Each structure stands twice: as C-alpha cells, then as structure tokens.
Amino acid sequence: MPALNLINVTKLFGSVKAVNKLNLEIEQGECFSFLGPSGCGKTTTLRMIAGFENLDEGELYCDGKLFSSSYKHFYLAPEKRNFGMVFQAFAVWPHMTVYDNVAFPLQIKKLSRSEIQSRTELALKATSLTKEAQLFPGKLSGGQQQRIALARAVAINPKVMLLDEPLSNLDPHLREEMRFEIKELQTKFGFTVIYVTHDQSEAMALSDRMLVMKEGVVQQIDNPLEIYNNPANKFVFSFIGLSDFIPVMVKDRKVFIEGAMENGALQVELPNTLNPALTYDIACRPGEIDFASTGITAFVLRRTYLGDVVDYLLKIGNTEIRVQKTRREAIAKAGETCHIKFNRILWYDHSEETTSKT
1 MPALNLINVT
11 KLFGSVKAVN
21 KLNLEIEQGE
31 CFSFLGPSGC
41 GKTTTLRMIA
51 GFENLDEGEL
61 YCDGKLFSSS
71 YKHFYLAPEK
81 RNFGMVFQAF
91 AVWPHMTVYD
101 NVAFPLQIKK
111 LSRSEIQSRT
121 ELALKATSLT
131 KEAQLFPGKL
141 SGGQQQRIAL
151 ARAVAINPKV
161 MLLDEPLSNL
171 DPHLREEMRF
181 EIKELQTKFG
191 FTVIYVTHDQ
201 SEAMALSDRM
211 LVMKEGVVQQ
221 IDNPLEIYNN
231 PANKFVFSFI
241 GLSDFIPVMV
251 KDRKVFIEGA
261 MENGALQVEL
271 PNTLNPALTY
281 DIACRPGEID
291 FASTGITAFV
301 LRRTYLGDVV
311 DYLLKIGNTE
321 IRVQKTRREA
331 IAKAGETCHI
341 KFNRILWYDH
351 SEETTSKT
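At position 36 of the sequence shown (counting the first as 1) the number is 36 in the UniProt record's numbering, and the numbers step up by one without a gap.
Bear in mind the hints are in silico, worked out from the structure with no lab data behind them.
Any given hint could turn out to be false.
Below are the DSBU-like pairs computed for lysine-lysine, each with C-alpha atoms no more than 35 Å apart in a straight line [what the hints assert, rightly or not]: (1) Lys72 with Lys110; (2) Lys183 with Lys80; (3) Lys333 with Lys315; (4) Lys325 with Lys183; (5) Lys188 with Lys125; (6) Lys159 with Lys110; (7) Lys80 with Lys110; (8) Lys65 with Lys110; (9) Lys254 with Lys341; (10) Lys159 with Lys21; (11) Lys159 with Lys109; (12) Lys341 with Lys251; (13) Lys65 with Lys183; (14) Lys109 with Lys72; (15) Lys183 with Lys125; (16) Lys17 with Lys65; (17) Lys333 with Lys251; (18) Lys315 with Lys325; (19) Lys65 with Lys125; (20) Lys188 with Lys159; (21) Lys65 with Lys21; (22) Lys325 with Lys341; (23) Lys254 with Lys315; (24) Lys131 with Lys188; (25) Lys131 with Lys80; (26) Lys80 with Lys21; (27) Lys188 with Lys65.
If you anchor each label on the Cβ, the simulated ranges turn out as follows [what the hints assert, rightly or not]: (28) Asp171 with Ser112: 38 to 46 Å; (29) Lys188 with Thr304: 34 to 42 Å; (30) Gly190 with Val217: 26 to 34 Å; (31) Met1 with Gln134: 36 to 44 Å; (32) Gly190 with Lys109: 14 to 22 Å; (33) Ser38 with Leu76: 27 to 35 Å.
It should be emphasised that the depicted structure is a prediction, and the values quoted were computed from it without experimental measurement.
The beta-carbon is built from N, C-alpha and C at its ideal position, and this holds for glycine as well.
Input sequences plus hints: build the corresponding full structure.
The following block contains the structure:
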C-alpha cells in the first residue's frame, strides 16, 4: 500500500489551475521530490498534502486512509494527519531553549513526561543537538537552527515528513551537509520524505524518485538518472542540468547549424520520425561536446575556470553554445577558433517551449 495516493487532485486560485488533475502514488519509505520553477504548483501540492489547503477536486489518501475528498466533502485537519513538517524559515521559538522547542509539540499532544523526555532526547541526539539542548536558538548558527526544526519534526514519530525548501536559507556548504543529514534521518527512522525544491542538485542527491512540474501539470515522474538521461520533453531537458539548444536546418538529409552552413554538415544521426515540415533544435549537455582536431568550427567567446571544470562559451553562426571540460581537456583559449564534435544529442521541435510562462 502506498504511503500517499493523490487522485485527480486539482487546486484553483480564481481562474488559474495551480495544480491540474495530479495523479501520484508515493511509496512507503521513499524520498520523493517535487521539482520545478517558481509558481509551478509544487508548494501548493505540498500544502494540500499537509492539509493547509483543501482540494477543489480529487482525493488524497495516506496509508489507505482518506484525508481529503472533494467528492465526499471530507477534510482531515492538519493536526490530525501526524505529518512532520520543515519549512524554508527556521520557525523556531526564540524564547524557548532548544530542548523546549523540540518538546513543545509533544506537550501539546499531552504525552507523558517520560515519553516526552525520551522522544526529545532521541531527536536531539539524531540531529547532533544534545550539547546545545539548554541554549536558546539565537546562540546557534543557521544550520543548527534548521536542525532544531528537523528534530521537532522527528520527535512526533511521523510516517511522512514534508519539507518545503528547507535548505534555501543556508550557505552552500551547509546545504550540502544538511542534505546528507536529512537522508541519514530518513534511513534511521524509516519515514517517507516529500521534498519540495527548485534546486535540482538537492532533488538529484536526495530523491529515489522525483516529479517535474510546469504550470500545475506533471511533465515527468521517474528516478533522477532516468529524468536526466531521458527527459520526457524539451522543458524537462532545459530544467534538469545545464543544456544547449542549437537550431539546425536539414537539407538533403544533412544537418547544418542555422546560420553556419559554410561550416559543413554535422556528423549526427537523423531521427526516424523526422518531419521535413518542422524546424528542429538539437539538444545536448555542455559536457557532451568535445574539442577535436577536425569538425565544426567555433569561436571561443569566453573561458572561465570553475575549479575542476572549465566553462566555455562558444559561438557558431548566430548560436552561442556552452561547453564544459575538465582542466586536462581544456585546450581552447578565448579569442581563438576551435573544432568541436557532439557525443550525444536529442532532437526537439524548435517551436516547443523550454521554459515556464510563470
């Protein structure tokens, strides 16, 4: 039985469908991420799961138990859903110690003193806050304050943990550290994680599966590697990872970069479904383009060192292309010409959108 089951879930804000007929099953113990640009509907979906927003249409089940239904006019209040929740803001009470912050939700539930103590101490230990238990949040770093929020959520023994952009207020080093801590907590306590983010690196690092949304509509649901390597459409390709889209012309079954026919034909395979009435973009990742001794000629506009990776901006005809290589492979210099070849490409209709309208 899935941990969560969403059936035709729809949410309206006026005439705008923030979420449009979402059907989704999330398995027990799974880390599942909602990924997409701002305004795509991911946070609205999380709020409906939490019970902060009711459904305009559809049904929501947890462990087979009905939580929300527009058809049966049923709605279970958030406090009865027993979900752990961690948000972008740390949401800690500054006048309470770390211990009291974590214990407070258990006190509201009117648990026994001994159970409150054991649960609170376990949650503090799991989030490496035992030594800070009697300090006030103002004395702690941002990462430690976010650990308080995690400990508070863990202490209630949730079946499902809801996290909405929980790391976006942290510096890059802390964000990376906290990703691993969240994953370790999930492994230790066995709860299901639903993680909302616009940061694809977080989603890729944490998720067993993830959902990519655009304008309230699901674009793809799969594991991170499959979404990265086999995106469902042009939007998913553009949103997950760095991407190059290169407009091309097909003439006599030969492929030329638009505005650069003098460069010669690309050594790429034509799709079996090629429609001569359409114009196309070939898409690739910056790391899937190699420098070569022969091939298409490009002009190097920029060369930027990014630690172990060198980032290039090349120009062919009227098209600018990103290329990323290791320092060992970075043989071209700014202001020079070079030759490149494409290792792997995908074909898309040139008119298909790559970005969200919102």
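Earlier hints that do not hold, by number: none
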